[in-house]
Structure formats: structure tokens, C-alpha cells
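K.L.:
If you want the building blocks of each chain, they are given just below.
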Amino acid sequence: MKGPDLTWYLAVAAFLFAIGALGVMLRRSPLIVLLSLEIMLNGANLALITFSRHHGQLDGQVFALAVMAVAASEVVVGLGLIVAVNRRKLELDVDKLSTLRG
Amino acid sequence: MTGWLATILVFLPLAGALLVWLLPIGRFAGSLALLVALAEVGFWINALTRMDFNRAGPAPNFDQQTTWFSDLHVSYHVGFYAFSFWLAGLAVVVMAAAIAYAFWVGRERPRAYFGLMLFLTAAVVGVFAAQDLLLFYVFFEAMMIPLYVLIGVWGGPGRMGATVKFVIYTMAGSLLMLAAVIVFGLSRNSFDLVSTEPSNSNWLFLGFAIAFAVKAPLFPLHGWLPDAYRESSPEVAAVLSGVISKAAIFGFIRICFGKFPGPFDDFRVVILGLAVSGLVYGSLLAFRAPDVRGVIAYSSLAQMGLITIGVFAENTAGVSGAVLQSVNHGLISATLFLIAGAIERRTATGNLDRLGGMGRGRPALATMLMATGIIALAVPGSSAFAGEFLILAGVFSSGWGWAVAGATGIVLAAMYMLRLISAVLHERPGPAVPEAALDLRPAELGILVPLVACLLALSAWPAAISAHSLEHSDGKPVLRELVPATDYRERTREQLLNELAAALKSLPPGSGGSLHEFVLDKTPAFAP
Amino acid sequence: MIVASWVCLFAPLGATVAITLGGTRWSRRAAGYLATASVATSFVAAGVAFFSILGRETDDRSHLSTAWTWLSAGNFGAGLSVLVDPLSIFMMLVVSGVGALIVGYSVGYMDGDDEERRYFAYMSFFVFSMLLLVQAGNLLLLLVGWGLVGLCSYFLIGYHHERPAAVAAAKKAFIMNAFGDATMALAFFLLIQRTGSLSFDSAFRWSGGVEGSWAVNLVALGLLGGAVAKSAQLPLQTWLPDAMEGPTPVSALIHAATMVTAGVYLLVRTAPIFEHAGRVQDLAAGIGAATLLVAGLIALVQVDIKRVIAYSTMSQIGYMFLGAGLGAYANSMFHLMTHAFFKALLFLAAGLVIHALVGEQDMRKMGGLRRFLPRTYIAFLVGALALTGIPPLSGFFSKDSILASALAAGWYGQLLFAAGLAGAFLTGLYTFRMVFLVFEGEPSAYAREHFHQPERTEPWLWMGLTVGVLTVGAVVAGWIQFAGIWTPLSDFLRPVAEPLVEPTGTQDFLASFGAVSLGIAGVAVAWAIYSARAVRVPAAGPVRALLEHKFYFDKLYDWVFYRPSVLLARTLRDYVERPLVLGSISGIAAGARRIGSEVTELQTGLVRTYALTIAGGVTVLALVFVWVK
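Quick note, the sequences are listed as chains G, S and Z, same order. Residues in the first sequence are numbered from 902 upward in steps of one, following my numbering. Residues in the second sequence are numbered from 3 upward in steps of one, following my numbering. Residues in the third sequence are numbered from 98 upward in steps of one, following my numbering.
Pulled out of the complex, with its shape left as it was, chain G reads as follows (with noise of 0.2 Å):
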């Protein structure tokens, strides 16, 4: 099998997560952020393959399986959340949403 290098697999995933977490830091909207999340998640599910396929062992593809269906259990939660916050008739800005402060 040839194709890319090794480092370009994990150059895009590192792209991907690093795309993802300035989202989750920087966006204000919470649909944004989730979907942040789920780009940092892509991100380390390609860097799983990748190393799956390099090692030829399954284990990271089960690993990356998983993480999908975490993935997709999160966003069952939070985009309820942000329907719940939505009824509420709140602003959807995470900044404002600061009632568990200590």
C-alpha cells in the first residue's frame, strides 16, 4: 500500500482538533461550539486510525467506534441542552449563561 506519509495523516488530524478547540474557545454561540467538538473529535478519530493503520492493529479503530458513539450521545445532550436553554427564552451565548459561578 502506498500513499501519503504517515505525518500528513496526523498533520490534518492536528489541524482538524487545533480548528476545533479555537472554536470551542473563541465562538459564543453554544451550536457552534458543539460543533467545535465535534470537529476536535474527528480530529483525534483520524490520528486513531492513522496509528491503527500503521500498527495494523484493529484496537484504535474500536477505539475510534467509540468515540463516535460518545460523539453522538454528547450531542443528543447538548443540543437538548440548547433547546431546554432556547425555551427558556435565554440568550444563546455561553458568556451569559454563568449561573453556576461560585
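Everything hinted at is true.
Far from chain Z, by Cβ distances over 12 Å, these chain S residues were calculated:
(1) Ala17
(2) Leu177
(3) Ser192
(4) Ala445
Pairwise CB distance ranges, derived in the manner of DEER restraints:
(5) Z/Glu698 <-> G/Arg929: 18 to 26 Å
(6) Z/Arg126 <-> S/Leu50: 40 to 48 Å
(7) Z/Ile692 <-> S/Leu177: 14 to 22 Å
(8) Z/Leu665 <-> S/Asp267: 29 to 37 Å
(9) S/Gly28 <-> Z/Asp211: 43 to 51 Å
(10) S/Pro292 <-> Z/Gly702: 49 to 57 Å
(11) Z/Gly684 <-> S/Gly363: 41 to 49 Å
Since the hints were made in silico from the structure, they are not lab data. The beta-carbon is built from N, C-alpha and C at its ideal position, and this holds for glycine as well.
Using the hints, position chains S and Z against chain G.
P.N.:
Below, chains S and Z alone, put in the same frame as chain G:
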């Protein structure tokens, strides 16, 4: 039955407690508890007649052992050595007096109250009987639980603060001790106190020693003491200072000395220093304490310092004196706290400035307070004098400075005790003393007279305890005798030179090279 | 003999127990009779023991009898044992004899007091304690008796416990004596460490082997500390004058005849130890000489009749210390006995005066009482003459034999002899100042107004009778010994304490001549000043102030001991106990709460801050891993 006596002494009050809690007897709870407590005293006296004070071998009297957790090598192992037997006797007598006093005064929620008192009795006797470390720990903690409740629920107005302080201090000590118990037991692969070999670990020693120092209490770990003694009801204060503190003395002798002779010796000076400071410090504060209970509380601090000095004198006189003085102090402070309770019932205050003149027309009160106070200040001839004399004689032989400081403490004891007696009994009646304040009632006398009678009997024959407090058992580490066989310090210079000359004369010819070792070897005067 | 001495010891204790347990079931009078009878029983038993010991060979006169082991631990033990030997029998006779007379006198004196039973219980307990002290068969038991007499002294000085002065005086006496007890106990600890025992024999044997070593000197010093405190010698003398707050018979029995002389008994009983610690023994003699002068001087300016007698007691005990310190043991014990008679007589006669004046003790308000109380005057005069040492009264024989021994004891003894002579002059002066002020001259206004003739009831007869017996005793007690010619007492005591000095006939004569002439000179000066009023008392302001303030010892102790300890106690309470020990626990709680409230500030509630923190944390971790690799 002899073999079962230790177990009976531990479980009789426990069974009594369960009965009091479970049976719907309401106002008869007190009488049932008193009956159990008196039966306990009876069993103790029975045990006294069967006690073998010259027992050889490591096993204690009334030895009984059953496996408890076989995989951890924990067993239910009880029995009494001579010194712990006296302490147990003190416990049952004082607990009986305390229960009788509470019964006479009347406490709210009697079933809960008297059940707790009996539970406490069982735990204290258990502490003195336990011959397994984990069992000891269980009893030690079981002893604290009823006390927390007794102070926290039935105490005076400041009871919550007093309880919190008491809990924090004792918990801190207990946790250290628990860690030490576990490490010791697992490393020895047995928790048995009789059969395990001594250890040399400083850390384990400190774990135990700090727990006991808090319980005694030893200066400066006495932060819980003034509040606990002031806020609890008189009979609980009597038990706290008279009995509970002696668990620490038991621990010092049985565990710190018995299982850690090396560190015991290494830390001797530190603990002696703390004990002497506690003696002087407690005496001075007792001298300026504003109320009756304050004087008794700080005098207890001083007395516990003195008893600790005796234990750490590390010789027969010191330790025997400490055991004797433990019993004396237990009886004295219990009596004084109960008298303080009687005074507070009559005047609604313990403030010395507002008391006075109670001696005139109240001969029973005057006689009881006078007799106890006089014994407490260790007037020669009293049992407390006997105990203090042995303690100081013991510690003198290992360092005269300790004995001088201790003697200072005794002069100070005269000052604070006489101040207490005069402030209550003498001069003009204080503003808080009503003209109609009664003398001690027959019931109160019925409680106090046996305690004072015990003290007087001990004054007539202190050797009853002091000569029967350390068996000749090879299971315990051997204590140094008070008097060395020959004391070379006492020989004159000429005698020493003669001995040296004799040793040199007996030198085998041609052994010039080893002359130095020979002289050092043969002449005991130069032995370290 | 042994049985008699046990009976002698425990009879008074039996009376105490009976009176205490019986309480109000005893009538007041019956309690007094019981106490008197018990002490009289002791005297009879002591007499029996005395005659049975006289019938024995000289070397068979010392017997130890042990009832049970009182205290023991390991290889140390001390029994409840009595030692019966000439010295203890001599003391038993003095204590129980004078004791019986004074307790009998109390039946009259305390009549009408509302707590008589307590008084008689204490009195008989005191006699028991004192007998325990003199009969003790080992040093520990001696210390027990020593402490118990101090306790009784505390009880009896503070007998009128509604009077603050009495309570304060009682506490002061007890605490100063506790100090003496402590020094004795320390000496005993040293003895135990060296010999493992507190028996007299082992202590004496040991001291013989280590003559002059620091250990034996320390032991002797500790014993001397106890003796000085108990006998109110310098510098622990200040409690005795205050102790006059007690009832007068108490002053007579405890603070004149018996307890305060216990120090002398101790010096004689433990003479072998002191002989092997020569410097300490010399110190004891020096203390005696200093005390007899200081006390004699202070007595000159006292106005309270009982306090004058109290200072005179200190001064006379000074003579006994002087004698015992120089090794004239029998002469000291002789003076102890005669002093017990004439001083008890003086106190009891003073008690009659006080009784007749409804409790007044100030001599300035008395005067001319001779006319009202002729018999009391005679008794008092006999006591005063015996005290001054005028022949043929008892004081003359005993005091002069001490002075003669001092003259025979080298240059140091001669120095102390000079002090003793000066003391003899002072004795004559202060004693007859008192006699003239109280009895001579015109009756004072106060006396005329307040005097009441005591009714000749039965209690009064008790007082008169006992004073009469003591008067006879004060005259004849000295006749049992006349230096150089007739010495049964010295021979009797010789096996116990061999005297170190034997004065010659010339020395005896010189001492007697000097002492008597100076004593008479003192009386003459007193007559000139206080009776004939021919000479005025020199003003000498500063000296007077010094004497009236008793050489400022009370002030000194107040500043050196009492105030510092109060200050220290207060400092410890305010700066250590409250903030550090009691404050620590509240401090820990408050600290935890404050830290908690500060940490909550980190919880901002902003998701993006958390995210940034997580990212930062992960970055730091990653860098750490890279760096560690």
C-alpha cells in the same frame, strides 16, 4: 468462672446498655443502670479476690482468646495485668458513682442517657482489658462515641463548641493511632499485644504517643480540656477527668512502653519536658482559674503531667507511683467534680468570686470538700502523697531536675487547692450563696462517702496498689530497679584509685598492649 | 513497752474518729472531755513506756516495731513503724503531757463557741500527728507526721474561718511549710537514690561512709530546710506571728510547745547525718543565733500580746537550733522541754487575760491588770521569769547549758555565745516590757470598762487548774538536770545522740553568770522605761520602722514569690492559653473557611474560561512530558 471474668466485666455493662435501650422501662432506666453498675463493681471485687498478683509468664490474669478475623490475625483477646486491673477498678467505681449521681439528679431522656453511660463503662473496661491492638482500638473509639453525645446533648450552654473541639482533637489523635495500629499489625502479621515482639519504629511510636497525649491530655494538646470539663454535666466531667484520661496512661504503659521500648527511651526527654511543663503550667493556671471547675480542670492537666512523669521515669518506683496516682487522681477529681456539681446546684454558679462561707452550718459539705482537697494537694500521709513521692523518687534517680520541677508543682498544688477550699467554704458568704442552701443530702453523701472512703483506705495502705502494680512477668519489658546494686558515684577518689591499683596488679604479665581495654573492662567505675 | 507506744500513738486518733463520726450526737462538753481523756491516755501510755525502758539495759533501749508496709514499690519499701528509744519517749512525754494540759484548758477556753466539736477533733488529730512525727520509725513516716502537723496547724490557725485574716494566715503557714516539706522530700529522694531505703539506720550508715561529700551536704540541707520552715527560723519565719490568728490554746500547743519545736527534734534525731555534713550543721547553729537576735529585736516593738510571745518562741527555738547545731543535743532537748512548760504557761495565762478582756489582745489597751487578776499575774510572772532565765526557775538551767556548750565549741561557738548573751538581754527586756505594760501601773480606761470577772463555773476551773499545773511545771521542770553535777536527762539521751561538746565547770559558771546578769539587766531596763517611766524610748525612726515591718521579710516574699507567680499565671493565661492553645482550634476552623471562600473565586461559570484552562493545562502537561523525555 475465673477465666471468664474479664469478658464478664466488659460485656455486663454492654448487656445492661442494650437492656436499658430496648426495654420500655421509662423512668426505671436509672435504677436498672445503677443496679448494673453496682453489679459491675461487685464482679470487680470478686475478680480482685481471684487476681494473682505474682503471676509469672507473659499471659495476663483472666486470659481469654478467640479468633476474630483469622486472615488478618486479629483476635478477641482480653485479660488484666495488675496495673490495668487497678485502672479498671477505678473505672467501675467512678462510673457507678457517676451513674448514681445522674440517677439522683435526674436527666432528661433517661433511657438514652443511662444506656450511653453503661455503654461507656463497657468501652472503658474494654480498653483496659484488651490484649489485641485492633480490639483496643475498637474499644478506644467506642469510648469516644458516647462521650460526644453525652457532652453534646446533655451539656451546658456552650456544649456544641466544647463537643466540636473534643471531636476534632480526639479524631486527629485517633486517626494517627489507627494508621500506627494497621502498620504495626500488618508488619508483625499479628495484632496480638501479648505475643508480638517489640518494634523500634519511631513513627509508629509517635502515632500512638500523640493519640495518648491528646487523650491524657498532655501540654500543649489540652485545647479541648477546659471547655469539655466546664460544659459537660458534673458526672460526665468526673468520668472524663477521672477515668477516660487514664486510658492514655494505660496506653503509655501497655503500648508505648511495652511495644516500643527503644523509641520510648529516645523520646523520654521530650515527653518528660512536656509533662513537667504541663505540671507547672496547669498548676499556675489552676491558681488563677476563676471558677471551681476551672481549678479542677487545670489541676487535672497538672496531675496528668505528673503521672506521665512517673511512667516515663522508666523504673519500678516511677511506674508503680504512676499507677497509684492514676487511681488517686481518678477518685479525687471525680469526687471534686461531683462536689462542684452539688455546689452549682445550690448556688447556680461556679464562680469563685460569688461563692464563699459555705463551711459554716454545712459540716458534711465542708468535711467532704476539705478531705478531698487536702488529699488532692498531697499532704504527707495521704495516698496522693504516696503516689507523688514514688513518682518523684523514681524520676529523681534518672535526673534530679525533673524531681525539683515536680516538687515545685506540688507546692503550687497547695496554693491552688487551698484557694479553692477557702473560696468555697471560708470567709463571708458569697453573693450567690443563699442562706437556705442545704448541706449535702444523704443521697449525695451516699455517693461521695464511698469515694472518699476509698481514698482514706488507700492513704492507710498505699502499698496495696504500689506494691501490686507490676507483676514479675517476663512478658513485659524489664523495668530498671530504682536502686542500682552498687553506685560508683558514691565512692571516694581514694577508693576508686585503690580499685584501679588492684585491677592493675591482677594484670597477667605481658599484656601491656591491651592494658587500656583491660582497665576499662575490669574497673566498673569507668563503665559507661 | 511496744504496746504502750502504739496505744500512745493511736488513742488521740480514736478520739478524732469518734468525734467526727458522732457529729452532733456528742454534746459539746463531751467532745472536749473525750479529747482530753484520749490525750491523757497517751500520756499514761508514754509513762508506761518510759518506766519499762528505764528497766532495761542502756543498749537495749531502741526498738523498732512495724505494723504493716505502708508504701513499697520494687525494692523500695517503708513501713508504718514506730521507733521506741529514749529520744522518742522523751518527746512522747512532752507532747502528750503538755498536750493533755492544754486540751483540758481548751474545755474552758472554747466553752460557748459554736463549733467546739470540730476544734476538739482537730486538736486530738494534731496530738496524733505530733506523736507520729516523734515516734516515726523511718524518715518517710517522719515526713508523714511532719506534713500532718502542718495540716493541723492549717486547720487550727484557720479555725475562725469566717475571718479573712485567719484564713490568709492559715494558708500562708501551710504553703511555707509545704516548701519545707518539698526540700525534705528532695533530700529523701537523694537518700533513696543512694541507699535504696529511708530507714534511719541505713541513712546514718551511708552518711558515715561519705562524710563531707556534696551528697550528704545536700541531704542535710534539705532536712534543714524542712526544720527551718517548721520551726519558723530565718528565713522562713514569717508565718508564725500571723499564726496567732488561731485560738490561744492552739498557739500554746502547736505554735509554742510542740509543733514548732519539731525542727529541733529533727536536728537531734538525724544528728549523724548533720555531723557528717559539718558545714550544714554549723549553718543550723548560725541560723539559730540569727533568729534569736532578729526575733528578740522585733518582739521589742510588738503591741499584740500573743505576737510578743510568738516572737519570743522563735527566739527560744533559735537557742535550741544553736545548741543542736553545735552538737549539744541533750541540752537542746532539755530547753525544748522547759520551754514547752513555760511558754505554754505564758500563752495560757495570756489567754486568761484575753478571755477576761473579751478578746482584746492589744497591750496598749491593757494595764494594771494585776489588781483584777492576781493569780493570773503570778502565773504569768513565773512564766516570764522562767523565760528570762532567772534561777531557780526552769529556763535558767536549760538555756544556760546551751550557752555553756556554745562557749566550749571553739571560736564559732564563742561567736554564737555572744549572740546568745545579747539574746538573753533582749529576752529580759521584751518579756518584762510585756509584763509591765499588761499588769503594772494604773488600770487603763479600756480595762476598767471591759473587764469582767469570769464566772467560777466548771469550765473556768479547768482553765485555772491547768494553768496551776503548768506554773508548777515551769518552776520545777528545770530541776531534773543541773549542769556538771546532776545529769540524768543527758545520760538518758546519750545513746541516741552523743553530745559533741562537753563544757567545763568554769564555762558553765561563766555562761550562767553572763546570761543571768544580762537577763536581769534587761528586766531593769524594761522597768526603767515601762514601769518607772524614768527613761524614754529613743525615737530612732528608721530602726523602729525596720522592726515594725519585721525586717521587711513579708514584703520581700510578696515581691519575690507571690507577685511573680501571679504575674506568670496571668501572662500564661492571657498570652499562651487563650490565643495559642484554646485559639488554635478556632483558628484552624476559621482558616479552612477563609481558604474555601477564596477558592470559590476560581469557579467563574464561563465555559470558555474552563476550556481555555483545560487547553492550557494540557499544553503544560504535554510540554512537561516532552521536556522530561
